[in-house]
Amino acid sequence: MQIAIISGKGGTGKSSISAAFATMEEKLVLVDCDVDAANLYLLFDPSHEEIEKFTGSEHAVINYTKCTNCAICIQFCRFDAIHLSKGMVSISEVACDGCRLCSRLCPVGAISNEPQNESRLYSGTFRNGKMVYGILAPGEENSGKLVNAVRDKALEVARAHQIETILIDGPPGIGCPVISTIVGVDMALIVTEPTLSGFQDLERIKAVLDHFQIPSLVLINKYDINKNISKEIESWCTHSGSLYIGKIPFDADFVKAMTEKKSIFEYKPEGTTSVELRRIYRKIKKNYNTQQ
Amino acid sequence: MIIKSDTGIITNTDTPNLIDSQKVSMRKNPVKIAIASGKGGTGKTFISTNLFAILSQQNIPVSLVDCDAEEPNDHFFFIGDLIEEKVVTVRIPSINSESCRFCGKCHEYCNYNAIFYLPMHHQISVLEELCHSCGACLVACGHHAITEKEMNIGHIRTFFIKEGNSFIEARVNIGVYSPVNVIKAAIKEADNQNIILLDSPPGTSCPFIHTVATADYVVLVAEPTPFGMSDFKKSIEVLKKLNKPYGVIINKSTLGNRNLYEYIEQEQIELLMKIPYESEIAVSYSEGKIISDLHPKWHKRFEILYEQIKEKTCK
Numbered sequence: 685m686q687i688a689i690i691s692g693k694g695g696t697g698k699s700s701i702s703a704a705f706a707t708m709e710e711k712l713v714l715v716d717c718d719v720d721a722a723n724l725y726l727l728f729d730p731s732h733e734e735i736e737k738f739t740g741s742e743h744a745v746i747n748y749t750k751c752t753n754c755a756i757c758i759q760f761c762r763f764d765a766i767h768l769s770k771g772m773v774s775i776s777e778v779a780c781d782g783c784r785l786c787s788r789l790c791p792v793g794a795i796s797n798e799p800q801n802e803s804r805l806y807s808g809t810f811r812n813g814k815m816v817y818g819i820l821a822p823g824e825e826n827s828g829k830l831v832n833a834v835r836d837k838a839l840e841v842a843r844a845h846q847i848e849t850i851l852i853d854g855p856p857g858i859g860c861p862v863i864s865t866i867v868g869v870d871m872a873l874i875v876t877e878p879t880l881s882g883f884q885d886l887e888r889i890k891a892v893l894d895h896f897q898i899p900s901l902v903l904i905n906k907y908d909i910n911k912n913i914s915k916e917i918e919s920w921c922t923h924s925g926s927l928y929i930g931k932i933p934f935d936a937d938f939v940k941a942m943t944e945k946k947s948i949f950e951y952k953p954e955g956t957t958s959v960e961l962r963r964i965y966r967k968i969k970k971n972y973n974t975q976q
Numbered sequence: 024m025i026i027k028s029d030t031g032i033i034t035n036t037d038t039p040n041l042i043d044s045q046k047v048s049m050r051k052n053p054v055k056i057a058i059a060s061g062k063g064g065t066g067k068t069f070i071s072t073n074l075f076a077i078l079s080q081q082n083i084p085v086s087l088v089d090c091d092a093e094e095p096n097d098h099f100f101f102i103g104d105l106i107e108e109k110v111v112t113v114r115i116p117s118i119n120s121e122s123c124r125f126c127g128k129c130h131e132y133c134n135y136n137a138i139f140y141l142p143m144h145h146q147i148s149v150l151e152e153l154c155h156s157c158g159a160c161l162v163a164c165g166h167h168a169i170t171e172k173e174m175n176i177g178h179i180r181t182f183f184i185k186e187g188n189s190f191i192e193a194r195v196n197i198g199v200y201s202p203v204n205v206i207k208a209a210i211k212e213a214d215n216q217n218i219i220l221l222d223s224p225p226g227t228s229c230p231f232i233h234t235v236a237t238a239d240y241v242v243l244v245a246e247p248t249p250f251g252m253s254d255f256k257k258s259i260e261v262l263k264k265l266n267k268p269y270g271v272i273i274n275k276s277t278l279g280n281r282n283l284y285e286y287i288e289q290e291q292i293e294l295l296m297k298i299p300y301e302s303e304i305a306v307s308y309s310e311g312k313i314i315s316d317l318h319p320k321w322h323k324r325f326e327i328l329y330e331q332i333k334e335k336t337c338k
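Top to bottom, those sequences are chains U and V. Here the first sequence is numbered in our numbering, starting from 685 and rising by one per residue. Here the second sequence is numbered in our numbering, starting from 24 and rising by one per residue.
Bear in mind the hints are in silico, worked out from the structure with no lab data behind them. It cannot be assumed that every hint is accurate.
[Stated by the list, open to error] Distance condition first, Cα-Cα at most 25 Å in a straight line; then the derived PhoX-like pairs of lysine-lysine:
#	chain 1	residue 1	chain 2	residue 2
1	U	940	V	297
2	U	711	U	911
3	U	940	V	211
4	V	172	V	211
5	U	946	V	256
6	U	737	V	263
[What the hints assert, rightly or not] Below, a sample of chain U positions facing chain V; criterion: calculated Cβ distance under 8 Å:
#	residue
7	754
8	758
9	759
10	762
11	768
12	772
13	774
14	787
15	791
16	822
17	881
18	891
19	946
Nothing here was measured: the structure is a model prediction, and the numbers come from that model. Idealized CB from N, CA, C, for every residue including glycine.
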């Protein structure tokens with residue numbers, strides 16, 4: 685079973701809920717695909733059995749001993765990354781997309797491409813099984829490609845250790861890292877919150893899931909912030925084709941557990957939120973089993 | 024277009040045929056302030072919308088750009104008239120199989136694996152979702168077999184809130200991989216204002232970078248939790264690389280632990296504001312209401328916040 689936990693809107697509680705579910709399992713592969721802001725490893729301190737370098741994209745670099753300032757590269761760059769500054773051709777690292785067109789066109793071979801390879805892919809063991817995650821180096825691009833590499837690694841680890849469950853903590857948004865996170869999963873759990881923003885973002889992420897034909901479940905976190913919107917979300921689920929799976933209240937224990945490097949389920953296993961989350965997790969698994 | 028700035032200087036911004044340096048000398052550049060964070064849900068939109076409301080009430084010309092094109096939410100907080108809607112397109116190649124000689128040069132030039140090529144079977148096609156619109160294949164093709172078509176990837180909507188105040192929303196279409204072009208276009212749209220507030224997308228990769236790269240000052244919003252701290256440190260690394268000045272707002276300041284406070288003190292990072300976790304804030308936010316409109320206390324605090332930011336950006 686491969687399940688991705690996503691939300692559209694950030695900060696709805698994806699990672700905290702992923703951590704709770706992960707610690708209910710005897711043995712699973714826990715995957716952190718929020719490579720921009722990977723956090724789960726902070727709770728679980730996994731051992732690092734493998735660390736792989738990841739080369740995301742490239743940046744064009746000018747060799748000024750060869751450059752003749754002919755500016756052909758400027759004419760062809762579609763990313764507005766090359767400018768003349770003080771009479772010299774210069775490339776903006778931020779704007780450069782690494783397409784290599786400038787280096788192919790340069791008549792004197794003055795442009796080379798430097799790979800960005802500070803990002804890393806980690807895999808190892810933690811207290812409830814195996815953990816795979818990626819960390820995108822600050823400022824590096826191509827997070828979707830790193831997410832793909834993380835997911836390939838997770839499948840490899842699951843096969844090697846004959847582990848059934850792969851639980852994926854996803855990034856916010858609906859763009860490339862999210863698409864890479866959800867393609868090929870058995871289902872996606874959308875963690876939402878009862879705010880106008882949360883609701884709209886839920887509708888947008890649901891449309892993305894529909895686009896890729898992925899079944900979706902909905903969990904409302906902090907439902908007590910606005911009970912009316914919570915109700916609206918519940919009824920929206922029934923006519924939009926998402927399975928409403930349950931709700932939990934705002935609970936400061938999530939943060940308290942986090943500061944002790946625990947999931948809420950480890951911190952207070954008999955607390956009402958933990959009990960409810962366990963019931964929800966069972967329901968998710970049951971739903972998966974009946975669909976097989 | 025004539026803009027009267029808050030200092031009373033009247034600036035003419037209609038200078039289309041001048042080269043860049045002359046333009047700069049003739050008009051005052053707008054100050055761009057990005058409200059950003061690595062972690063999602065820290066309160067970027069909350070801060071951005073309140074700052075915008077405060078500045079509008081002080082009759083300061085200001086634009087708010089919602090740069091979170093994947094999940095734009097700022098529109099819930101304002102009532103305005105839609106005055107303009109623009110479609111953002113990118114150029115996508117298409118290969119004419121009649122003129123194509125199946126030489127594979129376009130495939131070789133494409134650095135994004137967006138051209139699917141099976142030479143033995145004379146098969147070649149463009150994988151549109153992987154294309155970055157760089158134009159390399161077009162240059163590669165010596166047989167004029169590649170042309171380009173426009174693909175719609177999103178919209179920019181401009182709303183009139185009141186004289187001198189507009190709200191611009193970037194919104195990417197469902198299923199589009201990168202929102203960056205939509206974000207860039209939206210920021211450009213706001214180019215003739217006195218102050219431009221950029222409500223940034225979360226994360227530390229492309230969408231975030233392309234937003235903060237255009238800013239003069241960055242307000243980072245962070246939470247004093249282990250996750251919040253980790254993401255905050257990562258955002259700072261990016262801002263240092265980009266050489267951007269920044270300050271921090273600690274939101275939900277009463278949750279979590281002291282680590283973030285100790286860190287910002289030790290690193291001498293400007294602490295602009297602390298916002299406690301209050302259910303009243305959460306409730307008003309959930310309904311699309313502006314807390315500084317509801318409470319004089321918050322009105323005052325956001326005014327002070329703006330004064331602090333102004334000091335940083337007017338140097």
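Right, here's what the structure says about each hint:
In summary, the hint linking residue 940 (chain U) to residue 297 (chain V) is supported, as the alpha carbons are separated by about 20 Å, within the 25 Å threshold. Taking the CA atoms of residue 711 (chain U) and residue 911 (chain U), the gap is near 36 Å; set against the 25 Å cutoff, the hint is violated. The hinted pair formed by residue 940 (chain U) and residue 211 (chain V) fails the criterion: a straight-line CA distance of about 43 Å is larger than 25 Å. As the CA atoms of residue 172 (chain V) and residue 211 (chain V) are separated by approximately 23 Å, the hinted pair is consistent with the 25 Å bound.
Taken as a hint, the residue 946 (chain U) and residue 256 (chain V) pair is honoured in the structure, with Cα atoms around 21 Å apart against an allowance of 25 Å. Taken as a hint, the residue 737 (chain U) and residue 263 (chain V) pair is honoured in the structure, with Cα atoms around 23 Å apart against an allowance of 25 Å. With a least beta-carbon distance of about 16 Å to chain V, the hint placing residue 754 (chain U) at the interface is violated under the 8 Å criterion. The beta carbon of residue 758 (chain U) comes no nearer than 13 Å to any beta carbon in chain V, farther than 8 Å, and the hint placing it at the interface is violated.
Residue-level restraint check for residue 759 (chain U) is violated (minimum Cβ-Cβ distance to chain V is 11 Å; threshold 8 Å). This hint holds: residue 762 (chain U) has a C-beta 5 Å from the nearest C-beta of chain V, less than the 8 Å allowed. A hinted interface residue such as residue 768 (chain U) counts as satisfied when its beta carbon comes closer than 8 Å to some beta carbon of chain V; here the least separation is about 11 Å, so the hint is violated. With 8 Å as the threshold, the beta carbon of residue 772 (chain U) stays out of range of chain V, its nearest partner Cβ sitting at about 16 Å, so the hint is violated.
Annotation: interface hint on residue 774 (chain U) violated; nearest CB of chain V at approximately 15 Å, more than 8 Å. The restraint placing residue 787 (chain U) at the interface with chain V is violated, with a minimum CB-CB distance near 10 Å, outside the 8 Å limit. Proximity of residue 791 (chain U) to chain V is violated relative to the hint, the smallest CB-CB distance being about 13 Å (cut-off 8 Å). Restraint check, residue 822 (chain U) versus chain V: the minimum CB separation of about 4 Å is within 8 Å; hint holds.
A least Cβ separation of about 4 Å between residue 881 (chain U) and chain V falls short of the 8 Å threshold, and the interface hint therefore holds. With its C-beta approaching chain V no nearer than about 5 Å, residue 891 (chain U) sits inside the 8 Å limit, and its interface hint holds. The interface hint given for residue 946 (chain U) is violated, since its Cβ lies 11 Å from the closest Cβ of chain V, which is over the 8 Å cut-off.
Going down the numbered hints, you'll see the structure goes against 2, 3, 7, 8, 9, 11, 12, 13, 14, 15, 19, while the others check out.
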